[in-house]
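Q: Listed here are the chains, written in short residue letters.
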Amino acid sequence: MEFGPHFFLASLEGAVNAAVLALMAVGLSIVFGIMRVVNVAHGEFFMLGAVIAWWISTLAGGHPAVGFLFALIAAPLIVGAIAAAADHFVLRRINYDPERTIVATIGLLYVLQQTTLMTFGPEARPVEAPFNKRLALPWFEKTADGFSMYWPWGLSTTSYKLAVIAAAVIILIGLWLFMTRSRIGLIMRATQLDREMALAHGIPVDKVYALVFGLGAGIAALAAVLIVPIQQAHYLMGHDPLLLSFIVVIIGGLGSIPGTIVAAIFIGMSDGIISVFFSPTVAKIIATLLVAFVLIFRPQGLFGKRSA
Amino acid sequence: MKDQLLTGVFHLLIIALMAGLYFILPEYHSGVLARVMVLAVYAMGYNILFGYTGLLSLGHALFFATGMYGLGLAMQHLDVTPSIGILCGLGAAVVVSAVIGFLALRTTGVAFMIVTLMFAQAGYLIILWLGEYTRGDEGFVIQQSQRVLNGVDLSQPDNRYFAALILFAISLLLIGWVVRSGFGKTLVAIRENEERARMLGYNVHRHKWLAVIISGVLAGAAGAAYALLFGYVGATFATVQYSIFPLLYVLLGGAGTTIGPLIGTVFMYYLIDLSSQITSAYLLIAGVALILLTLFAPQGLAGELRKRVFRWLP
Numbered sequence: 001m002e003f004g005p006h007f008f009l010a011s012l013e014g015a016v017n018a019a020v021l022a023l024m025a026v027g028l029s030i031v032f033g034i035m036r037v038v039n040v041a042h043g044e045f046f047m048l049g050a051v052i053a054w055w056i057s058t059l060a061g062g063h064p065a066v067g068f069l070f071a072l073i074a075a076p077l078i079v080g081a082i083a084a085a086a087d088h089f090v091l092r093r094i095n096y097d098p099e100r101t102i103v104a105t106i107g108l109l110y111v112l113q114q115t116t117l118m119t120f121g122p123e124a125r126p127v128e129a130p131f132n133k134r135l136a137l138p139w140f141e142k143t144a145d146g147f148s149m150y151w152p153w154g155l156s157t158t159s160y161k162l163a164v165i166a167a168a169v170i171i172l173i174g175l176w177l178f179m180t181r182s183r184i185g186l187i188m189r190a191t192q193l194d195r196e197m198a199l200a201h202g203i204p205v206d207k208v209y210a211l212v213f214g215l216g217a218g219i220a221a222l223a224a225v226l227i228v229p230i231q232q233a234h235y236l237m238g239h240d241p242l243l244l245s246f247i248v249v250i251i252g253g254l255g256s257i258p259g260t261i262v263a264a265i266f267i268g269m270s271d272g273i274i275s276v277f278f279s280p281t282v283a284k285i286i287a288t289l290l291v292a293f294v295l296i297f298r299p300q301g302l303f304g305k306r307s308a
Numbered sequence: 001m002k003d004q005l006l007t008g009v010f011h012l013l014i015i016a017l018m019a020g021l022y023f024i025l026p027e028y029h030s031g032v033l034a035r036v037m038v039l040a041v042y043a044m045g046y047n048i049l050f051g052y053t054g055l056l057s058l059g060h061a062l063f064f065a066t067g068m069y070g071l072g073l074a075m076q077h078l079d080v081t082p083s084i085g086i087l088c089g090l091g092a093a094v095v096v097s098a099v100i101g102f103l104a105l106r107t108t109g110v111a112f113m114i115v116t117l118m119f120a121q122a123g124y125l126i127i128l129w130l131g132e133y134t135r136g137d138e139g140f141v142i143q144q145s146q147r148v149l150n151g152v153d154l155s156q157p158d159n160r161y162f163a164a165l166i167l168f169a170i171s172l173l174l175i176g177w178v179v180r181s182g183f184g185k186t187l188v189a190i191r192e193n194e195e196r197a198r199m200l201g202y203n204v205h206r207h208k209w210l211a212v213i214i215s216g217v218l219a220g221a222a223g224a225a226y227a228l229l230f231g232y233v234g235a236t237f238a239t240v241q242y243s244i245f246p247l248l249y250v251l252l253g254g255a256g257t258t259i260g261p262l263i264g265t266v267f268m269y270y271l272i273d274l275s276s277q278i279t280s281a282y283l284l285i286a287g288v289a290l291i292l293l294t295l296f297a298p299q300g301l302a303g304e305l306r307k308r309v310f311r312w313l314p
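So the protein lines, in turn, are chains U and Z. For the first sequence, the numbering used here assigns the number 1 to the initial residue and increments by one for each residue that follows. For the second sequence, the numbering used here assigns the number 1 to the initial residue and increments by one for each residue that follows.
Chain U with its partners taken away, still in its complex shape:
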């Protein structure tokens, strides 16, 4: 393939990456923004979402769309409930002390991951996409008599991949409406601004925290259900998305949701594109070092504003 179509294909793969990454990272960002909690177990909630999707789709049988639809609804709810329980029984008891929380969520990471290994097993298992039509894409070429359209071999995507991108956009818009227009969103933002004052106004902060932690985990699970027909479910699949969403949240400015989305698109696209043309290891080395240096020299993130 020539450079043009190849680059177009790489950007399409990058866009799917970016869509899922944006969801993951927004989940992490909401939890950090409102609760000031760094959730190291976030990747495992993502993994659980994928595993539950596999489980439901094998139970449901019939047309793959039936199981998938069930999974789309049930997996985020189940994972959200697990996360809310973890918040209630562990994080609340250590008073969200930043360092102890990180240690506890590292513990949670191992518990979730290893329990999955014991029950689900070490194999990677596929989930069938509800629809998966291969779409060939055209490319334009400049010839002697102006532009002409042709169909390069290998330049194609699937209807499902496009649907993932669309779904992520819809979910993010819905989330934004939920945070800015609904009463619960208002309460969450109030808690974020001033925990003590919210408490004084009779907001049940404990419940809000459990809800936020569950919501963050649920979004990660939703992202996983969307990606699992492309990627397969595996008990270690949470590791890379966790690292990438950390990178995104930090570069986008800790706790800033618009910044997180911009950074997710930037990182997801460039990760997809760089991995096609260069070695993925180099891409990861650059990304991790970038995060470290952003935190050292520009702690408010590349897109964030310096807070007082």
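Simulated from the structure, these hints should not be mistaken for lab results. Take the hints with a grain of salt, since some may be wrong.
What the hints assert, rightly or not - What follows is a set of in silico ranges between Cβ atoms, one per label pair, in the way DEER data are often shown: (1) Z:D273 x U:I173: 49 to 57 Å; (2) U:D240 x Z:D273: 27 to 35 Å; (3) U:V205 x Z:T108: 19 to 27 Å; (4) U:H239 x Z:H205: 54 to 62 Å.
Unchecked claim - Computed cross-link-like contacts, SDA-like style, restricted to lysine to any residue with a CA-CA straight-line distance of at most 25 Å: (5) Z:K307 x U:R100; (6) U:K161 x U:I273; (7) U:K207 x Z:L295; (8) Z:K185 x U:R100; (9) Z:K307 x Z:L6; (10) Z:K185 x U:E99; (11) U:K207 x U:Y96; (12) Z:K307 x U:D97; (13) Z:K307 x U:E99; (14) Z:K185 x Z:E195; (15) U:K207 x Z:E195; (16) U:K207 x U:R36; (17) Z:K307 x U:R36.
Claimed, not checked - Selected chain U positions facing chain Z (Cβ under 8 Å, derived; list incomplete): (18) P5; (19) R93; (20) I94; (21) E99; (22) I102; (23) L109; (24) Q114; (25) L117; (26) L175; (27) M179; (28) T281; (29) I285; (30) V291; (31) A292; (32) I296.
Predicted, not measured: the structure shown is a model, and the values here were computed from it. Note that CB positions come from ideal geometry on N, CA and C, so glycine has one too.
Position chain Z against the provided structure of chain U, taking the given hints into account.
A: Here is chain Z on its own, set in the frame of chain U:
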């Protein structure tokens, strides 16, 4: 002064106990204990930073791996003797910990944890990337014929045990001396109240930096010793998991106690060893232990002992 003496005597007793154990225990357990002592040195280095200075690093595997690869690569590709190899490992650890410390200490709290995590991850990826020399995940073996230090064959179980013990003894005495010195007390002051230490005129940044370097060099020494004594160098030792282990050992044993890292390493090593015979998901134990410790015993075993029984425990 009395403090110094008491600490010294206590540590000598521990060392004598470890030496005595070799003659009592069956071969399998003395083999395990040699490994545990090397890992305990790693945890002791970690403890200087976490337990005494109050800085939680999630990237100590980088320092361990630096010592390990500093020695391993020099011996593998430059054919140096083990003593030069050890110097290479320690030298690399000094340089890496000084640079990382200088950069990472510009941040505090959660940012410090993430920065150290990211540097360690970058280090791990660089080891994979340079697979031509490091052989990546697969790692490489240091031949038995190379592992002879001043005529002592370190691949023999008895030599190995006492080499590990010597490293452990030096580290323990050194740490006992450091934490009882003015420098160590200043570190504790920084842990307890950084602003106050600064107000009192201490150069907080320099103290923290030195703590990172001491901690990194001990971790590097443990890494180099691990490579030399057990003859294997691999990228596994640079993964996040190996950054979590010293944290786990120190939390379990008791942060901010000199003996805690050893206790924690012994317990955790046997716990994981036993559970890995039952299931492949042995890390579950590590996860449960981390959660339970943060919930119920943030002081660890030695910390609880100090709180309840032995007030004098260093």
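Q: All hints, please: hold or fail.
A: Hint check:
no., hint, result
1, Z:D273 x U:I173: 49 to 57 Å, "holds, 52 Å"
2, U:D240 x Z:D273: 27 to 35 Å, "holds, 29 Å"
3, U:V205 x Z:T108: 19 to 27 Å, "holds, 26 Å"
4, U:H239 x Z:H205: 54 to 62 Å, "violated, 34 Å"
5, Z:K307 x U:R100, "holds, 20 Å"
6, U:K161 x U:I273, "holds, 16 Å"
7, U:K207 x Z:L295, "holds, 20 Å"
8, Z:K185 x U:R100, "holds, 24 Å"
9, Z:K307 x Z:L6, "holds, 18 Å"
10, Z:K185 x U:E99, "holds, 22 Å"
11, U:K207 x U:Y96, "holds, 14 Å"
12, Z:K307 x U:D97, "holds, 22 Å"
13, Z:K307 x U:E99, "holds, 22 Å"
14, Z:K185 x Z:E195, "holds, 15 Å"
15, U:K207 x Z:E195, "violated, 35 Å"
16, U:K207 x U:R36, "holds, 15 Å"
17, Z:K307 x U:R36, "violated, 31 Å"
18, P5, "violated, 29 Å"
19, R93, "holds, 6 Å"
20, I94, "holds, 6 Å"
21, E99, "holds, 5 Å"
22, I102, "holds, 6 Å"
23, L109, "holds, 7 Å"
24, Q114, "holds, 4 Å"
25, L117, "holds, 4 Å"
26, L175, "violated, 24 Å"
27, M179, "violated, 23 Å"
28, T281, "holds, 5 Å"
29, I285, "holds, 5 Å"
30, V291, "holds, 5 Å"
31, A292, "holds, 4 Å"
32, I296, "holds, 5 Å"
Checked against the numbered hints above, the structure violates hints 4, 15, 17, 18, 26 and 27; every other hint is satisfied.
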